[in-house]
Amino acid sequence: MPNYWLLKTEPTVYSFADLVREGRTVWDGVSNNVALKHMREMRSGDEVLIYHTGDERQAVGLAQVVSDPYPDPKQSDPRLIVVDVVPLRALPHPVSLNAIKADPFFADFALVRQGRLSVVPLTAAQWERLLAMAEGRG
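Letter by letter, the sequence shown follows residues 161 to 298 of my numbering.
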């Protein structure tokens, strides 16, 4: 069973469209201790929602982790880690933060409770609910 994650990115810096164009990326730049803890739990095969921050504030695409965590080769600090990510597909309908916050189902979701966290775990039920919302079923 894969784990499920939400990865935040500022689209003016690196967007889901950039990931699609490149076909694969090293997900780096995470320095928050809680976010790094979550990244250490990632495994190849885990599924990811890519979430645009800034003015957009919405989940926009699906991706997959294709490596286990490893030390960031651009950094000298071994606690800073990265994973490799590939795009799967854009969401048919992006899911806004407002829509997530309006749904009582997500009251305990880390995206709602810890808004500044850049790597957020999801339960299988949260994952399914977000995908249903993206497909217009929720």
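Incorrect hints may appear among the rest.
Simulated pairs of lysine to any residue, SDA-like, Cα-Cα distance not exceeding 25 angstroms [what the hints assert, rightly or not]:
no. : residue 1 : residue 2
1   : Lys261    : Gly275
2   : Lys261    : Glu288
3   : Lys261    : Leu291
For the record, the hints were derived by calculation from the structure and aren't laboratory data. Remember, predicted model here, so these are calculated numbers, not experimental data.
### Message
Need the list of violated hint numbers for this structure, in ascending order.
### Response
none
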